[in-house]
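Let's have the full structure, built from the sequences with the hints guiding it.
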Amino acid sequence: MTVDSIQNGIVIDHLRAGSAMKLYELLGLSDPSLTVAIMKNVTSRKLGRKDIIKIDGITDVNLDVIGYVDPEATVNIIRDGELIEKKSIPAPERLVNVLRCKNPRCISTTEQELPQIFALSDRERRIYRCLYCETRFSS
Amino acid sequence: MRSLIDILDLSTEELQELIETAEDIIADPEKYAEVCRHKKLATLFFEPSTRTRLSFEAAMYELGGNVLSVSSADSSSAAKGESVADTAKTVSCYADIIAMRHPKEGAAYVAAANASIPVINAGDGGHLHPTQTLADLLTIWLEKGRFTDLTIGLCGDLKFGRTVHSLISAMSRYPGNRFVLISPEELKVPSYVKSVLKEKNIPYEQTSDLMAVIGDLDILYMTRVQRERFFNEEDYLRLKDSYILTPDKMRSARGDLSVMHPLPRVNEISVAIDDDPRACYFKQVKNGKYMRMALILKLLREAGTLKTLPERSRT
Numbered sequence: 184m185t186v187d188s189i190q191n192g193i194v195i196d197h198l199r200a201g202s203a204m205k206l207y208e209l210l211g212l213s214d215p216s217l218t219v220a221i222m223k224n225v226t227s228r229k230l231g232r233k234d235i236i237k238i239d240g241i242t243d244v245n246l247d248v249i250g251y252v253d254p255e256a257t258v259n260i261i262r263d264g265e266l267i268e269k270k271s272i273p274a275p276e277r278l279v280n281v282l283r284c285k286n287p288r289c290i291s292t293t294e295q296e297l298p299q300i301f302a303l304s305d306r307e308r309r310i311y312r313c314l315y316c317e318t319r320f321s322s
Numbered sequence: 011m012r013s014l015i016d017i018l019d020l021s022t023e024e025l026q027e028l029i030e031t032a033e034d035i036i037a038d039p040e041k042y043a044e045v046c047r048h049k050k051l052a053t054l055f056f057e058p059s060t061r062t063r064l065s066f067e068a069a070m071y072e073l074g075g076n077v078l079s080v081s082s083a084d085s086s087s088a089a090k091g092e093s094v095a096d097t098a099k100t101v102s103c104y105a106d107i108i109a110m111r112h113p114k115e116g117a118a119y120v121a122a123a124n125a126s127i128p129v130i131n132a133g134d135g136g137h138l139h140p141t142q143t144l145a146d147l148l149t150i151w152l153e154k155g156r157f158t159d160l161t162i163g164l165c166g167d168l169k170f171g172r173t174v175h176s177l178i179s180a181m182s183r184y185p186g187n188r189f190v191l192i193s194p195e196e197l198k199v200p201s202y203v204k205s206v207l208k209e210k211n212i213p214y215e216q217t218s219d220l221m222a223v224i225g226d227l228d229i230l231y232m233t234r235v236q237r238e239r240f241f242n243e244e245d246y247l248r249l250k251d252s253y254i255l256t257p258d259k260m261r262s263a264r265g266d267l268s269v270m271h272p273l274p275r276v277n278e279i280s281v282a283i284d285d286d287p288r289a290c291y292f293k294q295v296k297n298g299k300y301m302r303m304a305l306i307l308k309l310l311r312e313a314g315t316l317k318t319l320p321e322r323s324r325t
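Chains as they are written, first to last, in the working numbering: chain A, 184 to 322; chain B, 11 to 325.
Everything labelled a hint here was simulated from the structure, so no lab data went into it. As the structure is a prediction and not an experimental result, all values here were calculated from the model. All the pointers check out, no bait thrown in.
Computed list of lysine-lysine pairs in DSS-like fashion (alpha-carbon distance at most 25 angstroms, straight line): (1) K204/B x K285/A; (2) K296/B x K154/B; (3) K169/B x K208/B; (4) K308/B x K49/B; (5) K169/B x K285/A; (6) K269/A x K237/A; (7) K169/B x K259/B; (8) K41/B x K317/B; (9) K198/B x K285/A.
According to the in silico footprint, chain A covers these stretches of chain B (three or more CB under 8 angstroms from chain A): (10) 111 to 121; (11) 126 to 138.
For glycine and all other residues, C-beta sits at the position ideal for the given N, C-alpha and C.
Right, here's the structure in full:
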């Protein structure tokens, strides 16, 4: 299977197999105006199996979300057909308005205007906790 | 602005300082009787509570200050849909310090982030209740004379009991302590509390049999199974009488055991134990007031609202 290379945009490579759809949703890539290719469960020399997402036309996605979903993923920024930056995004210390707290007793579930903030509490196991009620979330 | 949301906001040095102030207040209450003259504490209680609110109010009056009070969500602007953030900003215009209880977890954090005066968390749902822990710590200090090398039994509702979680966090910071967690299967300590113990390599034991362990304990911290924390009445009724401490059971305990309870109790401690010298729960109530006095003084001083404090007597 082939997907054309992009002129301007982002290629998120070396995603843990099975994580592409989660990232797709959290990055809001279902927006009908975006051109996106998802390749899931493709062969990888490095990982065995991996997912890839190509986003055409935009480069300003929330990189923290990528670091949250898979800090080992490679983010390639492409401009005018050239690879201008290649990097991994470490799991961010804070995630703002990415996740929603599921604890019905949390203040953030009743007061809708509060920002949804999660703080990294265990980098190794990638555990985040709600800043308000400390409910745990793992990526 | 310095607030108190979580007991871990205070270092062990600061806890010791609060205990020293509380001991000084106990020794010479007169010296503190006018310290907070013309200062106002706002007690915002959006959830039913008698003792914590009265304790805060008594603490402020004994420091010579005044109290502004909201005693239920029904009679406040919260009933009209005002956010915690707006309430905190508004009350900051009237008072010098806020003590807030709210049914939602994290509400005190939101209040502190928006208030321009210190906020004391007087309980945010089933989450945290640091001033109860201050009362517990002063009681342990006065009864045992140390925070180290203690076997601490916690019994009853260890899942929703916020005082239990805070006390475990606080006592985990001192060396040599061991925890015995006694509860029915459904009300076990949540995993995040246990993970703190595991990370710090603190010994703990989980059991549902109080009698098997009561003889090992230096402290037995009893808790009530709280009806308001259950979504399901049936579960509450099934679990509420899991443990009842009776004089008969106390015969198996050590002579120097300290029985503690954050109160109110329902029937988990028989009234026949009240006269047992090992019963400390009413002392805890009094100690809570002294620690709240010490805390109000500390936060008002750090906020610059109080310029001077009485010299602590050195013993």
